[in-house]
Amino acid sequence: MSSSTVVQFNIQIGDELTFNVKPLLNEVKHALDKLIETGQSTVIDLRSIPLAPGEEEKILNVLGLGEVQARLDALGLSEVIETRYAGVWIVTHYNDDDHIISRFIEVTSMPEILCSQTEDIMAAYSRLGLTLNDEQKNNVEDS
Amino acid sequence: MINDSNRDKTLGETLREQGISRRSFLKFCATTASMMALSPAMIPKIAHALENARRPSVIWLSFQECTGCTESLTRAHTTTIESLIFDFISLDYHHTLQAASGHAAEQARETAMEENYGKYLLIVDGSIPMDNPGYSTIAGISNYDMLMDTAKGAAAIVAVGTCAAYGGIPHAKPNPTGAVSVGDLIKDKPIINVPGCPPIPVVITGTLMQFLTFGSLPELDHIGRPKAFYGKSIHDRCYRRPFYDKGLFAETFDDEGAKKGWCLYKLGCKGPTTYNACATTKWNDGTSFPIEAGHPCLGCSEPDFWDGGSFYKALSMPTENITRTVIYTAAGAAAAGVALGAMNRHKKNQAVATHNRTSIDDLKK
Ligand code: SF4
Ligand code: SF4
Numbered sequence: 002m003s004s005s006t007v008v009q010f011n012i013q014i015g016d017e018l019t020f021n022v023k024p025l026l027n028e029v030k031h032a033l034d035k036l037i038e039t040g041q042s043t044v045i046d047l048r049s050i051p052l053a054p055g056e057e058e059k060i061l062n063v064l065g066l067g068e069v070q071a072r073l074d075a076l077g078l079s080e081v082i083e084t085r086y087a088g089v090w091i092v093t094h095y096n097d098d099d100h101i102i103s104r105f106i107e108v109t110s111m112p113e114i115l116c117s118q119t120e121d122i123m124a125a126y127s128r129l130g131l132t133l134n135d136e137q138k139n140n141v142e143d144s
Numbered sequence: 397m398i399n400d401s402n403r404d405k406t407l408g409e410t411l412r413e414q415g416i417s418r419r420s421f422l423k424f425c426a427t428t429a430s431m432m433a434l435s436p437a438m439i440p441k442i443a444h445a446l447e448n449a450r451r452p453s454v455i456w457l458s459f460q461e462c463t464g465c466t467e468s469l470t471r472a473h474t475t476t477i478e479s480l481i482f483d484f485i486s487l488d489y490h491h492t493l494q495a496a497s498g499h500a501a502e503q504a505r506e507t508a509m510e511e512n513y514g515k516y517l518l519i520v521d522g523s524i525p526m527d528n529p530g531y532s533t534i535a536g537i538s539n540y541d542m543l544m545d546t547a548k549g550a551a552a553i554v555a556v557g558t559c560a561a562y563g564g565i566p567h568a569k570p571n572p573t574g575a576v577s578v579g580d581l582i583k584d585k586p587i588i589n590v591p592g593c594p595p596i597p598v599v600i601t602g603t604l605m606q607f608l609t610f611g612s613l614p615e616l617d618h619i620g621r622p623k624a625f626y627g628k629s630i631h632d633r634c635y636r637r638p639f640y641d642k643g644l645f646a647e648t649f650d651d652e653g654a655k656k657g658w659c660l661y662k663l664g665c666k667g668p669t670t671y672n673a674c675a676t677t678k679w680n681d682g683t684s685f686p687i688e689a690g691h692p693c694l695g696c697s698e699p700d701f702w703d704g705g706s707f708y709k710a711l712s713m714p715t716e717n718i719t720r721t722v723i724y725t726a727a728g729a730a731a732a733g734v735a736l737g738a739m740n741r742h743k744k745n746q747a748v749a750t751h752n753r754t755s756i757d758d759l760k761k
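Chains as they are written, first to last, in this note's numbering: chain A, 2 to 144; chain B, 397 to 761.
For the record, the hints were derived by calculation from the structure and aren't laboratory data. Mixed in with the good hints there might be a few duds.
Claimed, not checked - Here are the computed lysine to aspartate or glutamate pairs in the EDC-like style, where the Cα-Cα straight-line distance is at most 20 Å: (1) B:K405 to A:E136; (2) A:K23 to B:D632; (3) A:K59 to B:E688; (4) A:K23 to A:E57; (5) B:K441 to A:E113; (6) B:K678 to A:E113; (7) B:K656 to A:E56; (8) B:K662 to B:D632; (9) B:K441 to B:E615; (10) B:K662 to B:E652; (11) B:K441 to A:D46; (12) A:K35 to A:E83; (13) A:K23 to A:E58; (14) B:K662 to B:D681; (15) B:K441 to B:E409; (16) B:K678 to A:E58; (17) B:K678 to A:E56; (18) A:K23 to B:D641; (19) B:K655 to A:E56; (20) B:K678 to B:D632; (21) B:K548 to B:D584; (22) B:K642 to B:E688; (23) B:K441 to A:E120; (24) A:K30 to A:D46; (25) B:K623 to A:D46; (26) B:K585 to B:D541; (27) B:K678 to A:D99; (28) B:K678 to A:E57; (29) B:K678 to A:D46; (30) B:K628 to A:D46; (31) B:K662 to B:D641; (32) B:K662 to B:D650; (33) B:K628 to B:D700; (34) A:K23 to A:D34; (35) B:K709 to B:D617.
For reference, chain B alone in the conformation it holds in the complex (with noise of 0.2 Å):
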């Protein structure tokens, strides 16, 4: 995994080593500006950042989780792109991807951060059990403690995936295993939140480029995460929206409405109250997201998803009033939009403090 004599070079250097052309290169920097959300007017900035930037080293560390973190970012859609920027990072610790295992894998992991003290990027997937240390180890080590011994040399931390971001669904209630999520261990490092169940791939990526093309953190919003890709609700960026403004909902899964591609705000879509780039990245080679499947959203970019009341119960009904409001002004909408968006948020927190289950009868209604 790590290659000491590509470590000092620069990107351009070492791509210009590898054949790649000046062409290949601003196809790959027109890719990842578009990746990272940034206006294409930012291409040349992103190129000559690129060319100039150096090998990095990245841990990965991987606690409480499905691996879904992981699967999603080696599936994503833009191999060559992607492999380019994993020859580039010298992933020097990744116990699901690496060959080594057991004291030879924790070896690399102690050499990497002692070689690169305060200056390498800790990824971490998973939440950390904090009940009982034996719920969750690695190679003997809790996942407390090579949290905390991981951070000490990092550069900066990137929690991947809801469950390190915000506790996930090992933290939902009633969180038998005590997790938390990195933030709350961690209070003296820059943190910066990629959520999602699992996060969208390019997001994951992105995040990753503009950290290592910058070598700055993003623009980050009240809970951490990237305003390029978690700026802007599901909500705001539907392509369903217009039904909504005009009070057109579908009610059931199965009625003129759904078949007509309605709004799915009474079927439970958390759309108003999710931030995440679902709307227009989209998933699978950037296919179609859950919306378009005919799905709402379940708002899984969010702190307490899992316990946000059920996926199909629309949180609060949009009233009479709402309604016309929206329908007369634009502005109105916006205005709408928000109102419905703290009632939802307020909703949203009271079931929080009551677990609900989800019933055969909701999913009939």
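Same shape as in the complex, but just chain A (with noise of 0.2 Å):
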């Protein structure tokens, strides 16, 4: 079979098929105004909005990549990036296959994932609390 006798599916992106990704933007801009005006976050998830193929990545094209790039490694990768447009962030989570599970935009100063959480800081302080007596029992037992 010949090159040009194969049937392609692939769609064209025409501009009536990007639909969804100006009004999104424009949202975003209203959750950024509405973040300096009142301090209040927005997140949006990717996953609700009917998109064409190409869409998600016009979006993200247009956001751009910006100062903070940041890797977690939580049930999975995570990764958190700060778009050109600052208090604009993509958040990522992947499964452990590397697969995307779920995708947002959040539009505030500081991702609540990235932030220690009190519950973490708390397990931390006594798991430190132990690792210390540990050293102590040691150093004790040696000297």
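Both chains are sitting in their own frames, so use the hints and assemble them into the complex.
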């Protein structure tokens, strides 16, 4: 079969197909406005919006990469990226097989998942305490 | 399967014991919210509810089915998250997945029922044959007897897949086994229908999580489906919709229109009368969904989809008038969509009465 006879199902991304890109970017702008005016954060679930093939990439391209790129190792990988628009973050969660399981646009000064969590801090405190106790015991035994 | 030491613990306690950090838990909650099709604003509420949720007992019965629904669920792409859910629920009986068989398996079901009477969640896939109980039995017990016996002590029933929800393919004409749905037999228990052939994996887990998280039934539509997933038609959320609105249709599977990704309505797309989450949730790790791959929607999450006429015949053509209204006004577009939906439903009901076969000519047209 010559390559010209192969039926191609790839969808042409004409302007008419990108009907959800602009409204979404406008929503991001409104969310930034709200953040500036009231300090309130907004989270947009990218998986809840009907997007044509290529539209998610288009949105990510427009938002671009900014100064912060963080990788978290929490139940699989997560990426937290500040876009070129400060205050607009892309949070992507992956599973163990590196497949995207959820993706959000967060409009906030700091995505919650980046902050150390109170419960984890408390657990860390007692863990560190135990480690120091062990150390002390070992030192006493050694001397 | 049953781990009694975990039974009385909350999910928060169980996760902490497993060394799962709060940060991981937040990721779990964010993904769960997305899975449940809930607004991200609900994440703190979900976190709070999940933190305090107790481990429920789940009994899963499989009747006349192809195991596609269980396959769909166990191939779910959010492996880490799903395995957490499975660790959390106590799946006390599932004859395809459990190691035990025969009397030991039935014993597990009876023990789970006794210990959790009135509280366990019953999941059913497959339809129930009413013509001859011998068509489908488990450990010598007919599907009907097992369903009625197990349903008695259930807090709620989830009918997974179009077969359990509406009879599905076994129920298709001429229905040789006299197949009926769970809802046809049980009237005194809350039933959540999660149809699809098979249902999208995250729609199954999302529905379960909603019940487990909030301990209440999700809001259901007129045929028992959770509105969060089945509240919008495929057509409402289809990315090919702008072509439909402009009257640009593929006429065959390989014409210019098909290659340009135009609307598949004339190739038999049932998107306008089908309510499901495919257009946003998508399939295979969120890769795409049938319409994105160039094939019309078959309407698999609707009752009698198998008898709704040929998969490749448009049930009714958009008329000149409808197309024009759609082009002129956005409000018109919505109204035309409703009109078309009603027309299609009528045609579909007619088609159901007379079982149609798909011919080679249908595919060539
Ligand atoms: S008819 Fe089918 S392909 Fe066309 S817009 Fe509706 S759902 Fe999409
Ligand atoms: S696109 Fe239609 S037929 Fe295909 S899985 Fe979704 S609802 Fe079922």
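Taking the hints in turn, this is what the structure says about them:
About 33 Å separates the Cα atoms of K405 of chain B and E136 of chain A, which puts this hinted pair outside 20 Å; it is violated. For a cut-off of 20 Å, the pair hint linking K23 of chain A to D632 of chain B stands: about 18 Å separates their Cα positions. At most 20 Å may separate the alpha-carbon atoms for a hinted pair to count; K59 of chain A and E688 of chain B meet this at roughly 17 Å. The straight-line distance between the Cα atoms of K23 of chain A and E57 of chain A is roughly 12 Å, inside the 20 Å bound, and the hint therefore holds.
Taking the CA atoms of K441 of chain B and E113 of chain A, the gap is near 15 Å; set against the 20 Å cutoff, the hint holds. Of the supplied pair hints, the one linking K678 of chain B and E113 of chain A is violated, its CA atoms being roughly 28 Å apart against a limit of 20 Å. Taking the CA atoms of K656 of chain B and E56 of chain A, the gap is about 16 Å. The hint holds against a cut of 20 Å. The straight-line distance between the Cα atoms of K662 of chain B and D632 of chain B is roughly 17 Å, inside the 20 Å bound, and the hint therefore holds.
A C-alpha spacing of about 17 Å is found between K441 of chain B and E615 of chain B, which places the hinted pair at or below 20 Å, so the restraint holds. Of the supplied pair hints, the one linking K662 of chain B and E652 of chain B holds, its CA atoms being roughly 14 Å apart against a limit of 20 Å. Only pairs whose Cα atoms come within 20 Å are accepted, and K441 of chain B paired with D46 of chain A is accepted, the gap being roughly 16 Å. With a CA separation close to 18 Å, the supplied pair K35 of chain A and E83 of chain A stays within the 20 Å bound.
For a cut-off of 20 Å, the pair hint linking K23 of chain A to E58 of chain A stands: about 13 Å separates their Cα positions. For a cut-off of 20 Å, the pair hint linking K662 of chain B to D681 of chain B is broken: about 29 Å separates their Cα positions. For the proposed pair K441 of chain B and E409 of chain B, the alpha carbon gap of about 17 Å is at most 20 Å, so the pair holds. For the given pair, K678 of chain B sits about 16 Å from E58 of chain A by alpha-carbon distance, which is consistent with the 20 Å threshold.
Restraint check for K678 of chain B and E56 of chain A: satisfied, since their Cα atoms lie roughly 14 Å apart, inside the 20 Å limit. Restraint check for K23 of chain A and D641 of chain B: the C-alpha separation of about 19 Å stays at or below 20 Å, so the hint holds. For the hint pairing K655 of chain B with E56 of chain A, the CA-to-CA distance comes to about 18 Å; that is within 20 Å, so the pair holds. For the given pair, K678 of chain B sits about 14 Å from D632 of chain B by alpha-carbon distance, which is consistent with the 20 Å threshold.
For the proposed pair K548 of chain B and D584 of chain B, the alpha carbon gap of about 9 Å is at most 20 Å, so the pair holds. At most 20 Å may separate the alpha-carbon atoms for a hinted pair to count; K642 of chain B and E688 of chain B meet this at roughly 18 Å. Taking the CA atoms of K441 of chain B and E120 of chain A, the gap is about 17 Å. The hint holds against a cut of 20 Å. Our distance criterion of 20 Å between C-alpha atoms is met by K30 of chain A and D46 of chain A, whose separation comes to about 16 Å.
About 18 Å separates the Cα atoms of K623 of chain B and D46 of chain A, which keeps this hinted pair within 20 Å; it holds. Simply put, K585 of chain B and D541 of chain B have alpha-carbon atoms about 16 Å apart, close enough for the 20 Å limit, and the pair holds. Distance check on the hinted pair: K678 of chain B and D99 of chain A sit about 18 Å apart at the alpha-carbon level, within 20 Å; holds. As the CA atoms of K678 of chain B and E57 of chain A are separated by approximately 14 Å, the hinted pair is consistent with the 20 Å bound.
A threshold of 20 Å between alpha carbons decides the hint, and for K678 of chain B with D46 of chain A the separation of about 15 Å falls inside it, so the pair holds. For the proposed pair K628 of chain B and D46 of chain A, the alpha carbon gap of about 17 Å is at most 20 Å, so the pair holds. Straight-line distance between C-alpha atoms of K662 of chain B and D641 of chain B comes to about 13 Å, which keeps the hinted pair within the 20 Å bound. Distance restraint check for K662 of chain B and D650 of chain B: the Cα-Cα separation of roughly 13 Å lies within the 20 Å cut-off, and the hinted pair is therefore satisfied.
For the suggested pair K628 of chain B and D700 of chain B, the alpha carbons sit about 19 Å apart, so the restraint of at most 20 Å is met. Of the supplied pair hints, the one linking K23 of chain A and D34 of chain A holds, its CA atoms being roughly 17 Å apart against a limit of 20 Å. For the suggested pair K709 of chain B and D617 of chain B, the alpha carbons sit about 27 Å apart, so the restraint of at most 20 Å is broken.
Hint violations for this structure: numbers 1, 6, 14, 35, all remaining hints satisfied.
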